[in-house]
Each structure stands twice: as C-alpha cells, then as structure tokens.
Amino acid sequence: MSEPPQCCICLDEVTSPASLPCGHCFCLVCIGEYWRVLGACQCPLCKAVFPTRPQLKKTDHTPNASSEEATVPLKAGEVPCDICPVKHRAVKSCLQCMASYCAAHLEPHYRDEELGCHLLITVAKNLEDSVCRLHGKQLSGFCRSDRSCICAMCAQTEHRGHHIISIHKEAAKKKVKFYTALHQGMLNSSDSFPLMLKYLS
Numbered sequence: 056m057s058e059p060p061q062c063c064i065c066l067d068e069v070t071s072p073a074s075l076p077c078g079h080c081f082c083l084v085c086i087g088e089y090w091r092v093l094g095a096c097q098c099p100l101c102k103a104v105f106p107t108r109p110q111l112k113k114t115d116h117t118p119n120a121s122s123e124e125a126t127v128p129l130k131a132g133e134v135p136c137d138i139c140p141v142k143h144r145a146v147k148s149c150l151q152c153m154a155s156y157c158a159a160h161l162e163p164h165y166r167d168e169e170l171g172c173h174l175l176i177t178v179a180k181n182l183e184d185s186v187c188r189l190h191g192k193q194l195s196g197f198c199r200s201d202r203s204c205i206c207a208m209c210a211q212t213e214h215r216g217h218h219i220i221s222i223h224k225e226a227a228k229k230k231v232k233f234y235t236a237l238h239q240g241m242l243n244s245s246d247s248f249p250l251m252l253k254y255l256s
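Each number in this note's numbering corresponds to the 1-based position in the sequence shown with 55 added.
Hints were generated in silico from the structure; no laboratory data involved.
Be aware that a few hints might be false.
[Unchecked claim] The calculated label-pair distances, taken between Cβ atoms and stated as ranges, are:
1. Lys224 to Val92: 16 to 26 Å
2. Leu93 to Pro140: 33 to 43 Å
3. His190 to Glu68: 35 to 45 Å
4. Gln110 to Ile220: 32 to 42 Å
[Unchecked claim] In the SDA-like style, the derived pairs of lysine to any residue whose C-alpha atoms are separated by at most 20 Å in a straight line are:
5. Lys142 to Ala159
6. Lys102 to Gln61
7. Lys180 to Pro140
8. Lys224 to Ala179
Backbone N, C-alpha and C fix where the C-beta goes; we use that ideal spot for every residue, glycine too.
Turn these sequences into a full structure, and let the hints guide you.
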C-alpha cells in the first residue's frame, strides 16, 4: 500500500485535499491560509502565480479524507463547530461571522471570493473575547500604559501616543517570565505563589 501524500505546508498527511491548476495538492485549509497570509495566490512548491483566485478542485488522493476530517470527534476542552448538528472539532474561527467552523464547514471561506476576505483566526473558545467591544475589530495590540488589549482603531484613538506593542510580543514576554519563575524554583512551596503572581504582573 502506497504512503498517503504529505502536505508541504503543514508537513502532515493531506486532509480535504485540493489541487491547484499547476497540479500540486495541499490540504484545503492549509492552502487557503497560506494565500491569506501571503496576500497572493501562489503555489508553495513551483511558485506558479495565479492572477485570480483559482477554484480549488478536490482530489481523491486520500480516500475519505474530507469526511474523516469533518467528523473529528470533539474532546473535552475543544471548541465545537457552530454549524454541525452533531458537534465536531472546529479548526478556525471567523471574526466576521463570529462563528467557529470544522474543516468541512470552513471550505466556503476558501472557495468563495467574498467569504475569502473574512478574517480567520486560531480557534477561540470565547470568540467575543477576541474582539474589541468598542470597535468590533480583532484585538491585536497590548497597551502597556493602560495594561489592556486593544484593536488597531483603539491605537489610533483612545490609546494614541501610548506605549503599544503586539499582543503576541506581550504574551511571549509573559511566557518568558513564567518559565523564569519556574526555573528559579518559585513554585516549590505554597508561600511562593504570591511572589510568582507579583513577578508576572
């Protein structure tokens, strides 16, 4: 039995396989996300550029791949697809739709030109917590002056002139502080918890 094809983007077995006009095959979710990040429709392998977004053709390279991907059972703590009648695991959340989708129900976002403009993010359990309550935009920055997460509109208005960094940079700094605290043995006794919390704040 031949080995299942591998997606060169996620380096895993191809799921919901889609082939490009050049003939190369990728996971439907992977190629859609690749194009969104790149800002152009280009094949990651041969670098062929497609001036207009091509209709992705589903292939049969992996038998039952799409149905298997669509029916990944939901485990404790995972985010469910908002569309599935019997809940399956969501792979992305959409800030325009304010919904989370499994691989099968996410496909229209990669096939349809209008839906393709929507902002997809890593699956969020509480989607409303990823959106600015004032402007309805994705929270993308952290205001160090006010110690709060903000969107791009906030940065231009209420927080203009404040010390603002990327929300990911702030999260990375917190992670470094946490691991430093662990390394220094601050979690060895119950007395160290208040000290650790002070260190992380």
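Cross-check of the supplied hints:
Range check, Lys224 to Val92: Cβ separation about 18 Å, and the 16 to 26 Å hint holds. A beta carbon spacing of about 35 Å between Leu93 and Pro140 agrees with the range 33 to 43 Å that was offered as a hint. For His190 and Glu68, the hinted distance range of 35 to 45 Å is satisfied, since their beta carbons lie about 40 Å from each other. At about 40 Å, the CB distance of Gln110 to Ile220 agrees with the hint of 32 to 42 Å.
The hinted pair formed by Lys142 and Ala159 meets the criterion: a straight-line CA distance of about 12 Å does not exceed 20 Å. Distance restraint check for Lys102 and Gln61: the Cα-Cα separation of roughly 18 Å lies within the 20 Å cut-off, and the hinted pair is therefore satisfied. Taken as a hint, the Lys180 and Pro140 pair is honoured in the structure, with Cα atoms around 18 Å apart against an allowance of 20 Å. Annotation: proposed proximity of Lys224 to Ala179 holds, straight-line Cα distance about 19 Å (limit 20 Å).
No hint from the list above goes unmet by this structure.
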